[in-house]
Amino acid sequence: MTISITVNGAKHEIGSDPDTPLLYVLRDDLELNGAKFGCGLGQCGACTVHIDGKAVFSCITPVGAIGDRSIRTLEGLGSVDAPGIVQKAFQDEQAAQCGYCIAGMIMRAQALLEKIPDPTDEQIREHMQPNLCRCGTHARILHAVRRASDVMAGVIR
Amino acid sequence: MNPITRRSFLAASGIAVAFAMTRPARAQLAGGGEGGAEPVALAPALPGSLKSSPYLDSWILLDQSGRATVFSGKAELGQGIRTALTQVAAEELDLPPADVDLVTVDTLRTPDEGLTAGSHSMQDSGTAIRNAAANVRMLLLRQAAAILMVGEGDVTSMGDGTIRASDGRRIGYGETASALSMRVEAVPDAPLRRKSQFRTMGTNLPRLDIPAKTTGGAAFIHDMRLPGMLHARVVRGPSEGTRLALPPDSEIEAMDGVVKFVRNGNFAAVVAEREWNAVKLMRRLQASPYELARSPFPTGGVAETLKALPARDIVILDASKPTADPRRSVRKSFTRHWISHGSIGPSCALAWLQDDLLTIWTHSQGTFDVRRVAADLLKRPIETIRAIHVEGAGCYGQNGADDVAAEAALIAASLPGRPVRLQWMREQEFGWEPLGPGMATEVDAALDGDNRIVRWNYDVWSNPHNNRPVGAGGVLVGNEVVPSFPVPEGKPIPMPEGDGSRNSNPLYDLPNMNVVYHFIKDMPIRVSALRSLGAHLNVFSIESMFDELALTAGIDPLDLRLNHMADDRARQVMLTAADAFGWRKRKKAAQLQGFGMGFARYKNLGAYCAIFMEVRIERDTGRVIVRRVQAAVDCGEVVSPNGIENQVEGAIIQSLSWCTREAAATDGTLRKNFDWSTYPILRFRDVPEHIDVIVEDQPGKPFLGVAECGQGPASAALANALADATGVRFTDMPITAEVVRSAIVTL
Amino acid sequence: MGATNRKLLAGATLFGLATVVGLGIAGWIVYEPEIPRIKPPDRASLSPALIRRGEQLAAVGDCIVCHTADNGPALAGSRALATPFGTLYSNNITPDPDSGIGNWSADAFRRAMKQGVARDGSHLYPALPYEHFSRVTDDDLDAVYAFLMSRDPVKKTAPPNELMPGLGFRPLLAGWKLLFLRTAATASNPSESPEWNRGRYLVDGLAHCGGCHAPRNILGGEEWGKHFAGGVAEGWNAPPLDASNVSSERWNTETLYEYLKTGTARGHSSAAGPMGPVTEGLSRLNDDDVRSIATYIDSTMHAGTVTRPAGRRVAGDAVQSHPATSTLFEGACGGCHEPAAPMASRGRPLLSDTSDVNAPDPRNAIQAVLQGIKDPTSDAPFMPPFTDNLTDEQVADLLAYARSRFTSQSPWPHLANTVRDIRKENAR
Ligand code: FES
Ligand code: FES
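Chains as they are written, first to last, in my numbering: chain D, 1 to 157; chain G, 1001 to 1747; chain P, 2001 to 2428.
The hints are simulated quantities; they were obtained by calculation from the structure and are not laboratory data. From the three backbone atoms N, C-alpha and C, an ideal C-beta is built for every residue, glycine too. Misleading hints may appear alongside valid ones.
[To be verified] Covered by chain G, per the in silico footprint, the following chain P stretches (three or more residues, Cβ under 8 Å):
| no. | stretch |
| --- | --- |
| 1 | 2046 to 2059 |
| 2 | 2264 to 2272 |
| 3 | 2337 to 2346 |
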């Protein structure tokens, strides 16, 4: 049985069982690294991707439940050579220690900025609350989200 | 048997090298003395890890185009060491960093530098690479002078991989090197580049690993995919101390999707083609009943638990000088609970048995030890095993990485030809990884009439923090297989590094000091190294006491510290941070606002770190809002200021999380924590509003390493700020919002 | 999240009040005098013992929940309370003299709590559950007063209420009170234990459990004679605390105590929705009072006879009968809710036990899936929200599956429509 899903604008036929969490499909079948396995329980945000523009935990979203909704992963925001605005902001702020949480952080931040381009500091913290970082990179992550917002607004480049 | 050796590998790449380790002297350096099997010292006079690997070609190779490959026996753990070491090598080779390729720990290719731990990487590997690179540059200049037929003083390296003679002629590194052998021992006094000449060191070279990590590149061991790779899951009971009663093998092997069921004694793992199948099989099997396979866990408080166990008393300090009589005294006891590493990515390893070579990819901090453990466990000649470090999620000590690597090796050994990826689940990590030990201290100190501290009695109780595996008994699977390898007896790490005793010796200048480490070898719960080991509670205790003494004396806490501090660099970081914080001008604008500081020199050997903090407390919830944090650090010569700031910021936030909410608990039979709701860590809402780190410039001073220096001072500064805000001395971590709230109801 | 939405039914419907007014209630019923301002009492003048007692009573009353906005300063008000009659904003009850209750005397405070009249003489909406607080002793109210007056003053004025036209006219409230406010103190029942009596005093008074757990009539008053028959709060059902509770056979003092104190009871449920903050508050209350509450509720839950479907659990053949959904369940829910999952083996309620899955009405089960469940005592998640992961049909399928696999209750009708409606409701 094949399931078709649209990831970063491209359609894929997947041979996985429909119960397979999207996380494993992205990582193992599509060989995308952006979504990380952190807890598999919807509690840490390492696996965050977008479904129809909303940040969701891919570890608890069975691939059979996706239907024709579109999925975006970290890879869909940009590349090493042409990083997206949020990715670039994380690079500019050097916002990573081990970096394991960062992919999920970028995806969650991106979802916020697409909805609220100029969030308050309070809104940023509140929105990022579901995602965990163990290295203590939080302060830089907050700066990076602010920077991305400023870049979008043309305040800085 | 056709093991690949370092020799054959290098021979294949055209450069043969002698690589013998014969002399059995211990190199007193590796891995911050945090255990592991340490490499031997062959050349004790050389700096850093050159002691154990003195040949230049162990560290640096130059190809014909002049690109350098640099080998380090230290691992990138997210601390940015790859970038810092690249900067060091580029600086002393006088090459652009882009022309330097850094190879990190690989038992086949790099020197054994012991563990990547204890904030030792810059000290060990940074120092070695710096001096090795200086040696190489010295040889290159000499050789270039000979080729160009000018005096040695007439050639200069230009920073772009060329050497220029004073008459303007140039020659490239590649061409120069082709006539040179690097198979020579380093000399201790190759000239280092001076600060005024620096092109790379001291600048903020962007971290080399961040582009991949922000764009979905393959950055972690979790991202590795080998051809024909199988997925494995271990099948275990819910927590340390349990044993599953599984159905018969034949029944399991008949389950849909099982490629292989591996069972050896009490170790069990399922292997499947698809990862999700492995997870589902694991879930089904873990539904089997379990029995308790160990004595009950302690359920009482930390101090009570530890003090009930037999201890060996180790005198850390016993100093006395005649002083004036004590006038006023203060006594306090402090505790810290067991703490989980809580890496965001659970442990993972890959292993592949090809012909006779078993390759293990691991994110353990002790790659060479992973190889030793696997050799012991599988009873294989060590030359037939290669272990390679690949980054994992931040680990801060010994989490499940060593366990999972040995397990992957065992599984792969039963599936010749097929690479196997083993991923622990979140709940397995919480249930089975070694915890950071719980600890307790008691301090009794007194002031004389002039507010000098004339009595200092200090006792610390702790389990060993050093249970890094060097043989199969140190990993879970070793205890589970039949015949099993016994868990080795815990041993203390001797001072000056220490383990539970780490930083129990105050750096302060106190005339009378009596410090005793009550070392408890019997571990009621599985423990091992966690970032900063005993320094976390010891610094917390000492620094809390200084504030209590200052309060008793009626003098400023900073002054009490300065009055008892002879070390100029220590004074300097305190003054720098105090100044930037505005300590002298601080003013309480609200009742539940407070200011506090903490200071330590990590291990009394490493980086100096002073932290100042301003807090406010929400009266009705007890929630602590950290408004401002100002840190100053001195970690010797600065390679990457931004990298140092990043490490210290992280240490502060992580330490605040430990201090305010973390306690790994048991209910007597099981560990209680199995997910992020049962083990909550600090989230964005509670991150300090402002954090600033000042890095002291110390040109020419040795590297000191920085990763762990903030843990103790940050927690101490918080406790001191809370005491300032409330008048209540909180002595037991975690200081949760509820603890604070109930203490201040009537304030 | 949170607040008990007693106010819910708040004020009264337009026509209800019209009726009341139509009855020609005289002006003298409406009129209440202003009580003179005082200078905020000096904190030092308040006895620590009284403050401590007041703090415990305030925990029972959950003052902080309704009077604190999300991430706002504690007790400074401005929490939005959605009611069928519009949105009310809670008042600032910090001792700030201008925007809070700093210049209220103890008399003024008592009158507000028992009669729903502010210091200046204006009537308060019954979002403040004065029909319960009227049963609290003056001594206890004085302790709460001392506690509140010892808090940090915060200057913060609540936004104006957004009510249906006409309901902003506060004198109408006098009529509501006439209908619903009972001021009789609760007499103690000598045939019951002191613990039971203490429990009843707390439950009916400060804890105002009936505010959510009793059904409301069309005027927003608690229905007479239906004490604890279950109600609605902020989009969640407040289950009945009488014999019609689906779990009533198995709740007992111990499990109630555990639930109230920790937010979770083995074999039962985790506190979700507006009950989360209630248990968070009770986690701070002394053990004796929590036990008293548990003792009394245990007695109400087992009073009277209500027949209910027997038994639960029994996996039946759900896997076979819902093959597609069983796979959905495995991928979305299995990590926590398969019987071997760590959660299940570590004292968290099994799906077969939770009242949400056993309840006659699917509302809470739907809310738990859509909104998730937060750990009441920390900011950690118990259960993640699935609102953006799953479609309405998928949520409905999963719940139908869970109900048939883990309980022996009859299927919920019109599930998909209900999910859609509740999702819309949540979006508002
Ligand atoms: S891995 Fe999905 S939330 Fe943790
Ligand atoms: S950077 Fe390591 S977990 Fe966030």
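Status of each hint after checking the structure:
Counting residues of the stretch 2046 to 2059 of chain P whose C-beta sits closer than 8 Å to any C-beta of chain G gives 4, which meets the bar of three, so the coverage hint holds. For the stretch 2264 to 2272 of chain P, the stated coverage by chain G is violated: 0 residues have a C-beta nearer than 8 Å to a C-beta of that chain, whereas at least 3 were required. Check on the stretch 2337 to 2346 of chain P: 8 of its residues sit with their Cβ under 8 Å from a Cβ of chain G, so the three-residue criterion for coverage holds.
The earlier numbered hint that this structure contradicts is number 2, and it is the only one.
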